[in-house]
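Sequences listed follow chains S and X, in order. If you're matching positions, the first sequence starts at 1 in the working numbering and goes up one per residue. If you're matching positions, the second sequence starts at 1 in the working numbering and goes up one per residue.
Computed list of chain S residues with no C-beta within reach of chain X, every gap over 12 Å: (1) V91; (2) D281; (3) T462; (4) R526.
Using C-beta positions, here's what the derived DEER-type ranges look like: (5) X:Q36 to S:I137: 32 to 42 Å; (6) X:E142 to S:E132: 41 to 51 Å; (7) S:D281 to X:A20: 55 to 65 Å.
Hint data in this document are derived by calculation from the structure and do not stem from the laboratory. No residue lacks a Cβ here, since even glycine has one placed at the ideal position from N, Cα and C.
These are the residues of each chain, in order.
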Amino acid sequence: MAIVLIDGQEIEIGDDERLNGIQVAARAGVEVPHYCWHPGLSVVASCRMCLVETGKRDADSGEISMLPKLVPGCQTPARDGTVFVTDSEKVRQARAMVEEDLLIRHPVDCPICDKAGECHLQDYHFEHGRPERRADIKPFHSRRRELGETVTLFVDRCVMCTRCVRFTREVSGDAELMVVHRGAHEEIDVFPGFPLENKLSGNVVDLCPVGALGDLDFLYSQRVWFMKQHASVCAGCSTGCSIQVEENQDRIHRLKPRENPHVNQWWMCDEGRYGWKYVHDNARCLAPQQKTEGAWQPLDWSDAPAVLHAALSGENCSPENSPPKNSNPKKRRLAAVLSPFLTVEEAYLLATYIRQYDENAVLALGRIPQAGADESFPNGFTIRAEKCPNRRGVEMLLSALTGDVLSWESFLEQAAETPFDAVWITGGYPPVNGNDGAGEDVASEEEKSLATELPAGLASSTLIVQDLFDSALWRQADIQLPSAAFVERSGSFVNAGNRLQSFEWAIRPPAGVMTEGQLYWRLLDRDGLYNARRVLEDVAREHIAFAAASGEIPATGRDLLLNQLV
Amino acid sequence: MTNQPAKTETPAGQRVLSDAIVAEIKAYFPRYPTLQAVTLPALHVVNAHLRHVPLQAVVEIAELLELAPAQIQDTLSFYGFFKQDAPHGETRAWVCRSVSCALRGGEEIFAYMCQKAGIEPGQTTDDGKLTLEFGECLGACEFAPCMLAGDTLHKNLTEESAGKFLQSPTG
Chain S
1 MAIVLIDGQE IEIGDDERLN GIQVAARAGV EVPHYCWHPG LSVVASCRMC
51 LVETGKRDAD SGEISMLPKL VPGCQTPARD GTVFVTDSEK VRQARAMVEE
101 DLLIRHPVDC PICDKAGECH LQDYHFEHGR PERRADIKPF HSRRRELGET
151 VTLFVDRCVM CTRCVRFTRE VSGDAELMVV HRGAHEEIDV FPGFPLENKL
201 SGNVVDLCPV GALGDLDFLY SQRVWFMKQH ASVCAGCSTG CSIQVEENQD
251 RIHRLKPREN PHVNQWWMCD EGRYGWKYVH DNARCLAPQQ KTEGAWQPLD
301 WSDAPAVLHA ALSGENCSPE NSPPKNSNPK KRRLAAVLSP FLTVEEAYLL
351 ATYIRQYDEN AVLALGRIPQ AGADESFPNG FTIRAEKCPN RRGVEMLLSA
401 LTGDVLSWES FLEQAAETPF DAVWITGGYP PVNGNDGAGE DVASEEEKSL
451 ATELPAGLAS STLIVQDLFD SALWRQADIQ LPSAAFVERS GSFVNAGNRL
501 QSFEWAIRPP AGVMTEGQLY WRLLDRDGLY NARRVLEDVA REHIAFAAAS
551 GEIPATGRDL LLNQLV
Chain X
1 MTNQPAKTET PAGQRVLSDA IVAEIKAYFP RYPTLQAVTL PALHVVNAHL
51 RHVPLQAVVE IAELLELAPA QIQDTLSFYG FFKQDAPHGE TRAWVCRSVS
101 CALRGGEEIF AYMCQKAGIE PGQTTDDGKL TLEFGECLGA CEFAPCMLAG
151 DTLHKNLTEE SAGKFLQSPT G
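Could you build all of it, start to finish, from the sequences and the hints given here?
Here you go:
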């Protein structure tokens, strides 16, 4: 056990922990300001903002000897007996000087800068800078150039921390960014003809501690202080990156990665980052409808329990009375398709509801959208080919409930052999011509055919379809229920690595849409509002595969294989 | 994902690095632990042959060293030595302007030479024979003012010796 002294405070660190001055100080609750250092990148110690005093405490005599000069905290390892002083006059002077130097050439155009409000230069200057500057030059340049499709560079705002350059070399691996020239003429640039166009490019904007790199998608769309942040999980692929949804008045403005050492570290891909646009798509299905005698009738959500009861059991019940439970006198054969976009809780509630009517109801896994192959980056970050967030979760639930996982294809075969009386199909798939961030058409043949043709075997069943967008299934349904997008739901996804992450809704669904969770909650006659936490407790109690999901789920999720013999 | 820029495969006809230059660069490979370490020798080889390092040469060097062009350009642009837009003259001369030479009239000699040659500092004569540039300390303060032409050090420059040099500039 090593003991490090931070401003006189003793901090214990593990023997195999390799921490620098900034990290150890953070444990002591002391923030050492820094620009160039980032835990996910190599150390260059070039910004000099984290200068601290350091020294060593003699193990025997306890005497402390300090180094005369300041050292960068990011580059100074914390060992047993290392002493850091972060609040001396010398350190404060050094920080003020660094701030003054950076601001000599900074345009200070905060009023028109996207970063204002979350800018390190602003914050550090407020905290560590001098109230006025001594240089009498008043520069105002606003040179700007595009680095690629997604990122723009405001050249003069840059403080040359080179985080973005290191990111493209160490994490994304394509090394498109560089520092040109030398000294005061240094600038970030791309080589002519080789723009910044890797699938992680948006991360350089998050990395930028100042307003130099701008996200072309987010640029000038919202001031950061108007947005509320919600911890969420990306539904773009089965990696399930921890993200932060930033919205204002139920309108998303951007998604940002949220640090999660077990899943995405500090990064997310452009596909996920810009892939939320369909949430606000005008083509979304918004109105619940039922087909009566071949004609579409609007369905009131308050009538939904009775209507669905009739559809599943074949028995009518008057809308005034709540439908009787467990009544399926006609012994109808029922099935539910659980989409890999459903949360574990929603899938569980729907399965429970269907099995009230038919305890042998067939439960199947929804279609798994695939695009290309898994793509890994030098630091291990992986974009998965499986473009859905919760295949694992639904699979685990299905094998717990039915002992088997029935795929969409096998389900269709079964339906073709012996048609079901009623089938409830959940969707939640992004639109077929989904924007993958690069504007490419990523729809597979199967997706295209599903958009136009109804799978054989479903034609004779009563179809209850719940989806985000129009499809052949949707049009052939007997009852259409609009679905909620991932940012509108609460629940948990299990990613490809068996990590369960819970999240709360970030925005309210558009008018007319009831979230899956709330609908199923109501269908099951539970009290009050849908509470994902309570459902997950039930799942964890009932199914051993989810045993690890009991109790509070940490922000970084929980490994479901924890303490399980597999 | 590799560092290799797969985006451009330059057609052989447009390549600026001849096979001889490529061979010369490759001869450095065994001498260094990584390919990236060959960046500077490669730039020097190209500069010696082409008298500048055009952008296309940077792309080709990057292909050879399995790096992105940005990584080569990053290093290249750090140095004022490598010109990119046009070749320098057959002889490239640096007149020192650091303290000793400046005190001994280096800047005046330089102005005289530029005027004689009819060019501005940093430019190349029309016949392509000579490029005149400011240089920083050449490490020969005892012979101030001095000038480095190619690999030859010209000591104790006077208008007379400078004039003689301009008549037949060789390095």
